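Participant: Spelled out, the chains give:
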Amino acid sequence: MLRLEPRQQASSTMRWLTPILAVAITMVMGGFLFAAMGQDPFQAIKIIFLDPFIHETFGPYSRSQLLIKAGPLILIATGLSIGFRAGVWNIGAEGQFVMGAIAGGAVGLALYPADGIWVLPLMTIAGALGGMAWAMIPALLKIKFNANEILVSLMLVYVAYNFLAAMVTGPLKSPDGYGFPESRSFTSVDATHLPMIYEPLGMHAGVLVALALVIAAYVMMERHLLGFQIRLTGESPRAAKFAGVNPAVIVAVCLGISGALAGMAGLFEVTGPAGKLTTNFPVGYGFTAIIVAFLGRLNPIGIVLAGLLMALTYIGGELAQLSLGIPAAAINVFQGMMLFFLLAVDVFVNYRLVWKKEVK
Amino acid sequence: MDFSALNPVSLMVSLMIAATPVLLAAVGELVVEKSGVLNLGVEGMMIIGAIAGFAISVETSNPWIGMLAAMVAGAVLALIFGFITQFLLSNQVATGLALTLFGLGMAALLGQSYTGMKPPSTPHLDIPVLSDLPVVGPILFSHDPMIYMSIALVAGVWYFLNRTRGGLILRAVGENHDAAHSLGYNVVMIRMGAIAFGGACAGLGGAYLSLVRVPQWTEGMTAGAGWIALAIVVFASWKPWRLILGAYLFGGVTILQLNLQALGIGISAAYLSMTPYLITIIVMVIMSADRRRASINAPASLGRIFNASH
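Going down the list, the sequences are from chains A and B.
According to the numbering used here, the first sequence is numbered sequentially starting from 1.
According to the numbering used here, the second sequence is numbered sequentially starting from 361.
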């Protein structure tokens with residue numbers, strides 16, 4: 001019968017092959033899904049994965065959305081991957097994203113209508129601190145009271161959603177907004193408008209910061225003692241303890257960094273693509289970034305590629321919605337399937353399939 | 361402020377209705393965790409149950425068939441999780457998250473044409489004399505059958521885990537899967553059974569939400585109820601009876617804040633809506649704070665991967 005036999009060493013070929021395999025299986029199964037919905041599966045897959053690049057009318061707009069959507073995913077996933085490698089499960093990045101946008105946005109609104117190139121950096125710092133503060137709640141509760149960080153960080157997402165609603169109907173509501181629950185526009189004032197650097201690919205300043213931070217994260221994880229301690233904690237918590245690693249510090253650092261990056265992503269979103277704070281501002285990047293982190297093998301380069309791929313499914317999904325009437329939810333199913341299949345085929349990284357005769 | 365508008369009897373009744381979906385999901389997850397598996401996909405299984413139950417009830421005009429369908433749907437989804445974690449040995453945390461993300465998307469997709477519809481109503485118990493008693497009647501004797509079912513399920517799970525051989529085996533698998541394996545028990549199949557049971561319970565909880573509690577289908581309607589169920593299992597220290605306390609506490613806070621919103625006490629509705637989540641965090645922190653007690657009650661093999669060929 002077929003048996004799984006542990007490999008002596010994790011297969012590095014498989015580590016890179018399985019994400020590609022997972023995407024391929026998702027395309028096939030997604031095709032079945034679209035067929036079940038009465039669509040031509042080949043056309044649907046082509047629209048999602050190819051049309052953003054080649055379509056004559058929609059192509060230019062689609063391409064300009066690529067980095068706009070990939071930027072926040074990459075930034076958040078980079079932070080999350082650090083924690084995931086240490087076995088610290090921050091799954092409330094969505095909440096930290098929202099709180100970062102609120103904190104940074106509030107600074108911008110407090111300074112309104114200030115002018116100067118220092119405004120946006122100040123807002124970015126406030127955004128990062130806002131996200132970090134929100135992530136430190138599960139960190140402190142974990143360290144002090146042994147509370148599960150998964151559940152606490154997740155609960156705080158719903159608290160953050162409600163806090164956003166309270167802010168845009170209360171203190172941060174635009175005085176010129178005719179009573180709508182939304183803040184002033186950040187993009188209509190130069191000082192708070194995130195500059196666009198290369199329009200055709202949607203590269204705004206936030207994307208550059210994200211890429212710089214990806215490199216910084218790589219250096220920290222591979223070349224710095226802290227990165228080594230984080231990896232050691234994830235692979236063998238006992239060995240880490242003997243080596244003198246303080247688990248409380250690791251929890252605080254992992255949650256703090258991932259919260260700060262998610263908060264920064266929120267600030268870039270609100271001062272750029274979204275333009276203002278509304279209750280519809282969060283679109284689930286914090287959750288999709290979890291898929292990006294895993295699909296990218298918790299590795300910076302992998303995360304950049306996975307972020308671009310996931311952005312592509314968002315954009316292609318919008319095209320499919322437009323031209324075939326495929327509902328937006330189908331793309332979420334698609335993204336969920338990708339993580340499922342990745343986790344399933346990942347078995348081949350650490351195990352090999354062998355044929356063993358039954359010993360009786 | 362006019363608190364006289366709050367009728368304690370009707371508050372109590374709506375509290376029980378609000379608590380039941382979470383209680384159903386939590387009792388299922390408790391069995392799963394007792395077998396040593398951490399399934400974080402409760403939210404996904406609940407919402408799939410919510411739409412499956414709603415859709416089938418509308419199509420058949422029978423809420424009971426709908427609830428049955430919800431249990432099947434929840435169990436099927438859970439078995440996908442089971443297959444990937446138990447046979448393909450994947451990380452349970454990540455796979456549970458995948459289940460939630462997938463379930464939320466799938467439910468939204470399936471539910472497209474059911475938004476705004478009304479489900480067939482679920483009949484209530486009506487016992488002559490007893491149901492007509494003042495105060496006691498509405499609180500104890502005139503609910504829909506599912507509320508009694510949920511309490512009975514808790515009792516049944518307690519009995520199974522603590523008073524039967526099967527329950528002992530299930531707990532043994534959860535405490536030390538290697539030892540259970542060497543005694544000849546089929547760890548993987550026992551866990552698959554527990555996972556399917558957990559999925560069915562979560563699905564039923566979701567269906568109760570869309571058929572009785574709300575009753576309507578809206579996208580993302582579980583709003584974290586599945587995660588709260590997970591937190592309640594921790595709060596209950598993996599003891600079935602305490603689940604009722606946790607779920608009813610949550611139900612109480614939910615109903616109280618909803619009524620305060622309706623009264624308009626001058627606090628923004630958004631702040632009041634936070635309270636169920638904040639209370640959940642607080643009670644979970646209190647229960648986890650005593651590390652020794654927490655580690656005695658938590659199943660020792662929780663979340664660990666089992667491979668017989670090791």
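The reader is advised that the hints may include incorrect statements.
Here are some, though not all, of the chain A residues that point toward chain B, as calculated from beta-carbon distances under 7 angstroms [claimed, not checked]: (1) 89; (2) 158; (3) 280.
Worth flagging that the hints you see were computed from the coordinates, not collected in a lab.
Values in this document were obtained by computation on a predicted structure and should not be read as measured data.
Beta carbons: idealized from backbone N, C-alpha and C, even for Gly.
Participant: Each hint should be assessed against the structure and marked as holding or not.
Facilitator: Taking the hints in turn, this is what the structure says about them:
Given hint, residue 89(A) at the interface with chain B, holds; its Cβ is 6 angstroms from that chain's nearest Cβ, closer than 7 angstroms. Interface restraint check for residue 158(A): the shortest CB-CB distance to chain B comes to about 5 angstroms, inside 7 angstroms, so the restraint holds. A cut of 7 angstroms between beta carbons decides the hint on residue 280(A): the least distance to chain B is about 13 angstroms, and the hint is violated.
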